[in-house]
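Listed in order, the protein sequences are those of chains A and B. Each step along the first sequence adds one to the number in the numbering used here, with nothing skipped, and position 289 is 293. Each step along the second sequence adds one to the number in the numbering used here, with nothing skipped, and position 501 is 663.
Among the hints, a few may not be true.
Some, not all, of what chain A presents toward chain B, calculated at C-beta under 8 Å [what the hints assert, rightly or not]: (1) 60; (2) 80; (3) 90; (4) 92; (5) 100; (6) 106; (7) 107; (8) 110; (9) 113; (10) 116; (11) 118; (12) 119; (13) 120; (14) 124; (15) 127.
The list that follows gives simulated cross-link-like pairs (lysine to any residue, SDA-like), each with its CA atoms no further than 25 Å apart [claimed, not checked]: (16) 138(A) x 538(B); (17) 138(A) x 462(B); (18) 145(A) x 186(A); (19) 183(A) x 130(A); (20) 138(A) x 128(A); (21) 145(A) x 698(B); (22) 138(A) x 698(B); (23) 145(A) x 432(B); (24) 138(A) x 432(B); (25) 145(A) x 541(B); (26) 138(A) x 540(B); (27) 145(A) x 543(B); (28) 138(A) x 535(B); (29) 145(A) x 462(B); (30) 138(A) x 266(B); (31) 145(A) x 359(B); (32) 183(A) x 84(A); (33) 138(A) x 440(B); (34) 138(A) x 268(B); (35) 138(A) x 459(B); (36) 138(A) x 126(A); (37) 145(A) x 540(B); (38) 183(A) x 443(B); (39) 138(A) x 443(B); (40) 138(A) x 436(B).
Just so you know, these hints were derived from the structure itself, not from any lab. From a predicted model like this one, the values you see are computed outputs, not experimental measurements. Ideal Cβ placement from N, Cα and C applies to all residues, glycine included.
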Amino acid sequence: MSAVTAVIEASGLVKRYGRTLALDGLDLTVHRGEVHGYLGPNGAGKSTTIRILLGLARATSGRVSVLGADPWREAPRLHRRIASIPGDVALWPALSGGETIDLLVRLRGGDVRADAYRRRRAALIDTFRFDPSKAAGTYSKGNRQKVALLAALAHPADLYVFDEPTSGLDPLMEGVFLKEVGVLAHGGATVLLSSHLLGEVERLCDRVSILRAGRVVESGTLDELRHLTRTAVSFDRGHLTEADLRRIPGAHGVVLAEGRVSLALDSDAVAAVLPALGSLGVTGLRVAPPSLEDLFLRHYGDEVPA
Amino acid sequence: MVWVLLRFRLRRDRLQLAIWTVALFALLLITASAMASTFPTAADRAGVLRIALVTPALLVLRGAPQGPGLGGITVFEIAAFQALLVGLMSTFLVVRNTRAEEDRGTADTLAATAAGRTLPSVAALLEAVVANVLAAAASALGLLAGGLPAGGSIVFGAALGAAGCAFAGLGLLVAQVAPASRPANGWCAALVLAAYALRGIGDATGTARPATLTLTPAWPSLLSPIGWVQATRPYASDDLRPALVALAVGAVAGAAALAVLRIRDLGAGLLPQRALRPAASPLLRGPIGLAARLQRGSALGWGVGALLLGLLGGDLADLVLRQLGNDPAVSRIIVRLAGGSTGLVDGFIGVIGAFVGVLAAAGAVQGAIRLRQEEAAGGADQVLSGAVGRVRWLLSVLLVAGTSAAAALVVAGLAAGAIAVTVRPDGAAGGFGAWFGTMVWQLPAVLVLLGLVALVFALVPRATVPVGWFLLVAAAFLGEFGTLLDLPAWLRELAPFTHSPAVALRDPSYAGAAWMTVIAVVTVGLAALVLRRRDTVP
Numbered sequence: 005m006s007a008v009t010a011v012i013e014a015s016g017l018v019k020r021y022g023r024t025l026a027l028d029g030l031d032l033t034v035h036r037g038e039v040h041g042y043l044g045p046n047g048a049g050k051s052t053t054i055r056i057l058l059g060l061a062r063a064t065s066g067r068v069s070v071l072g073a074d075p076w077r078e079a080p081r082l083h084r085r086i087a088s089i090p091g092d093v094a095l096w097p098a099l100s101g102g103e104t105i106d107l108l109v110r111l112r113g114g115d116v117r118a119d120a121y122r123r124r125r126a127a128l129i130d131t132f133r134f135d136p137s138k139a140a141g142t143y144s145k146g147n148r149q150k151v152a153l154l155a156a157l158a159h160p161a162d163l164y165v166f167d168e169p170t171s172g173l174d175p176l177m178e179g180v181f182l183k184e185v186g187v188l189a190h191g192g193a194t195v196l197l198s199s200h201l202l203g204e205v206e207r208l209c210d211r212v213s214i215l216r217a218g219r220v221v222e223s224g225t226l227d228e229l230r231h232l233t234r235t236a237v238s239f240d241r242g243h244l245t246e247a248d249l250r251r252i253p254g255a256h257g258v259v260l261a262e263g264r265v266s267l268a269l270d271s272d273a274v275a276a277v278l279p280a281l282g283s284l285g286v287t288g289l290r291v292a293p294p295s296l297e298d299l300f301l302r303h304y305g306d307e308v309p310a
Numbered sequence: 163m164v165w166v167l168l169r170f171r172l173r174r175d176r177l178q179l180a181i182w183t184v185a186l187f188a189l190l191l192i193t194a195s196a197m198a199s200t201f202p203t204a205a206d207r208a209g210v211l212r213i214a215l216v217t218p219a220l221l222v223l224r225g226a227p228q229g230p231g232l233g234g235i236t237v238f239e240i241a242a243f244q245a246l247l248v249g250l251m252s253t254f255l256v257v258r259n260t261r262a263e264e265d266r267g268t269a270d271t272l273a274a275t276a277a278g279r280t281l282p283s284v285a286a287l288l289e290a291v292v293a294n295v296l297a298a299a300a301s302a303l304g305l306l307a308g309g310l311p312a313g314g315s316i317v318f319g320a321a322l323g324a325a326g327c328a329f330a331g332l333g334l335l336v337a338q339v340a341p342a343s344r345p346a347n348g349w350c351a352a353l354v355l356a357a358y359a360l361r362g363i364g365d366a367t368g369t370a371r372p373a374t375l376t377l378t379p380a381w382p383s384l385l386s387p388i389g390w391v392q393a394t395r396p397y398a399s400d401d402l403r404p405a406l407v408a409l410a411v412g413a414v415a416g417a418a419a420l421a422v423l424r425i426r427d428l429g430a431g432l433l434p435q436r437a438l439r440p441a442a443s444p445l446l447r448g449p450i451g452l453a454a455r456l457q458r459g460s461a462l463g464w465g466v467g468a469l470l471l472g473l474l475g476g477d478l479a480d481l482v483l484r485q486l487g488n489d490p491a492v493s494r495i496i497v498r499l500a501g502g503s504t505g506l507v508d509g510f511i512g513v514i515g516a517f518v519g520v521l522a523a524a525g526a527v528q529g530a531i532r533l534r535q536e537e538a539a540g541g542a543d544q545v546l547s548g549a550v551g552r553v554r555w556l557l558s559v560l561l562v563a564g565t566s567a568a569a570a571l572v573v574a575g576l577a578a579g580a581i582a583v584t585v586r587p588d589g590a591a592g593g594f595g596a597w598f599g600t601m602v603w604q605l606p607a608v609l610v611l612l613g614l615v616a617l618v619f620a621l622v623p624r625a626t627v628p629v630g631w632f633l634l635v636a637a638a639f640l641g642e643f644g645t646l647l648d649l650p651a652w653l654r655e656l657a658p659f660t661h662s663p664a665v666a667l668r669d670p671s672y673a674g675a676a677w678m679t680v681i682a683v684v685t686v687g688l689a690a691l692v693l694r695r696r697d698t699v700p
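Starting from the given sequences, assemble the full structure and let the hints guide the process.
What follows is the structure, given as structure tokens:
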């Protein structure tokens, strides 16, 4: 089935840089029309994967297909249908931001004189509060990022590949960008969103793959992965007995320490559990939504000193 | 604090400084020994200098004669060229440690520490002083090792180091004004070349003293740091006062630069950035348009240089002819200096043609080196993330580099030919076709260098920049000085310029040009094949 609907299909990808193993048998499937979150900390191999998907680097071994073609051999043809934002946005210092956007769109085969493009570009420049007439060499990190975002968003594509697209953006602009990605998703585009910001991914993505040391260790819909993102709940123990605590439905890993009770709840079950906590009359209740840390600690906990 | 910065930079630049030091040493050692073996007796040397004194082209390209001693003729031969190299070394070093760091953002990191905004520039100047002390010692040792007396050798080294310090100060001043590091480097190169040209004009229009075989340069030489090196007259009067002038100029320029640094922002030159087009012009539409946009500044610079050299050559041909044309003995030596052509004017056209060829090749090499710079900076990935394959990108950059080099040759050929037939309508200073053809037929040699740099880029990307410039300097040195230094034929013939057709001759051979074109095509083809199979590497 995936052969029919898969936009990105990689299996057993290995990439070596000299003696460094950047990818170690990576499998990744992204279906048509989904927003796919690609999660992992720095150095896990996110950018290497994306460079291979874009045909900028060649896999040492393994198979990869993007939009039904081999990206290494057919990059130019494929790139007419792909919009990408690199992890490290490099611009030509002497070109203005506006010139760069037009050039990047033209390099993808877009017509910068078309009315649709000009309207879209003007609207994006306005939304992102961007000054296109400055030399790219004088832009701040956030503004450099905007050049890449605008070039990717201004011309339609079948597949969007974003490598940590919001790095350097202020929270306001991050919100604007995520809204634009939502619009793309609504329009049926396929998006691969690499990030280490769980909130960003959770808000937008239908499916998520988690990368560790060059392998995908978890992959699935957010619902499927919900067990990874439990909500941490704690409250004062007070007079509660262990029997009371056992009556809390769906509680995982109950710990008693320093007069407090700590436990984890499946994130979608929190609301259902609150009445039970209320009937126990707990005090000092603290509910911490699942964070990137919680998710990562499951997979990376052994690397963090206790 | 400043010592911490200086130590850090010396550590980072140690390989580069070592290469410069060894190269400067070797250049003087080779020149001094070659002079001793080519012109062993004072009579030999007097013969050459007698001709040089009345040949403006030689005075422009070499220097002011300093008498028939072995030291004197060595200084005449190489001093200006060596000072040119030291000038480029010093100015580029200063720009690299100031504006280039500002463009990269590392200057902000330093400025945020206790080093502040000024100390990194002070450290850059100090590093330039260290580099010039090394250059001075290497030069003096090179001359000593070549068998020349200690006194003059030390004076020459000191004068050279002082000139380098002057260039470092002036370079730092230029760096304050230019809008970014790349233009700053271009302006610095122009400054050093202008110093060379100013000295050339002063020497060519100076007062010759045939009795002592010396020449007192006219005033333009006295405005040039390269002229000050000559003015110390090593092995003759050993006068260190001009070197003190150079040091004073360097100190004043450096202090002025530091004063400007106090009133400008980091990352911005004194000249404000003008607003750019908010949208791309129709020309900026693909990899060729981008390459043209990125290379246009430097291409324009090399084009102007070629134009000036062409005008100078065409104009001087008449003088050469008038002053020397009737003396067969003189003609023979000039022809030898010119590289073995048959006639006086033909030989002269060949010399100027090869110089223009080197200039155009420098532009082409700089353009091809862009491949690596674009790859390292990430611009190549941006292009390759569009609907552009690696081979098309490679060929686009090379096409623009080759075309601008060809344009420089055409401009120089047109200028030289037009001037030559204007000053001598009878065609005695060389016909339009001879001038134009000689220059334009340098193109195959230029393309060989272009192809070699492309191949190096494909095979060993990280070596592209140093190896590219090394190939150019080696080709220029072997081509320009190979005959005069009596280097073995196989070594000379490694330089592509020695195979350019001598179009000015009655029956020129185009076989070399054909072979070089084949080599250029093959190297570019190989580069494309290799690049198709490798990743872009940061």
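| Regarding the hint that residue 107(A) lies at the interface with chain B, is the smallest CB-CB distance below 8 Å? | The hint holds - residue 107(A) has a Cβ within 8 Å of chain B, the shortest such distance being about 5 Å.
| message | Tell me if the straight-line CA distance from residue 145(A) to residue 359(B) falls inside 25 Å. | response | The given pair, whose Cα atoms are some 43 Å apart, is violated under the 25 Å limit.
| Hint check: 8 Å Cβ-Cβ cutoff, residue 92(A) to chain B | holds (6 Å)
| Taken at face value, is the distance from the CA of residue 538(B) to the CA of residue 138(A) at most 25 Å? | Holds, at about 23 Å.
| request: Below or equal to 25 Å on CA atoms is what counts here, so check residue 145(A) against residue 186(A). | output: holds (24 Å)
| message | Hint validation: residue 90(A) versus chain B, beta carbon distance must be below 8 Å. Holds or violated? | response | Residue 90(A) check passes; min Cβ-Cβ to chain B is 6 Å, inside 8 Å.
| query | For the pair supplied as a hint, residue 183(A) and residue 443(B), is the alpha-carbon distance within the 25 Å limit? | reply | Violated, because 31 Å separates the two Cα atoms, which is more than 25 Å.
| field | Agreement of residue 138(A) and residue 535(B) with the hint, judged by alpha carbon distance not exceeding 25 Å | value | holds (22 Å)
| message | Hint residue 110(A) vs chain B: min CB-CB distance below 8 Å? | response | Since chain B brings a Cβ to about 5 Å from residue 110(A), closer than 8 Å, the hint holds.
| task | Verify the proposed pairing of residue 138(A) with residue 540(B), using a straight-line Cα cut of 25 Å. | result | Measuring from Cα to Cα gives roughly 20 Å; hence the hint holds.
| query | Is the Cα-Cα distance between residue 138(A) and residue 436(B) 25 Å or less? | reply | holds (8 Å)
| said: Need the status of pair residue 145(A), residue 432(B): alpha-carbon distance at most 25 Å? | reply: Roughly 23 Å separates the two Cα atoms, so the pair holds.
In summary, the structure is inconsistent with hints 11, 12, 13, 14, 15, 22, 29, 31 and 38 from the numbered list given earlier, while agreeing with the others.
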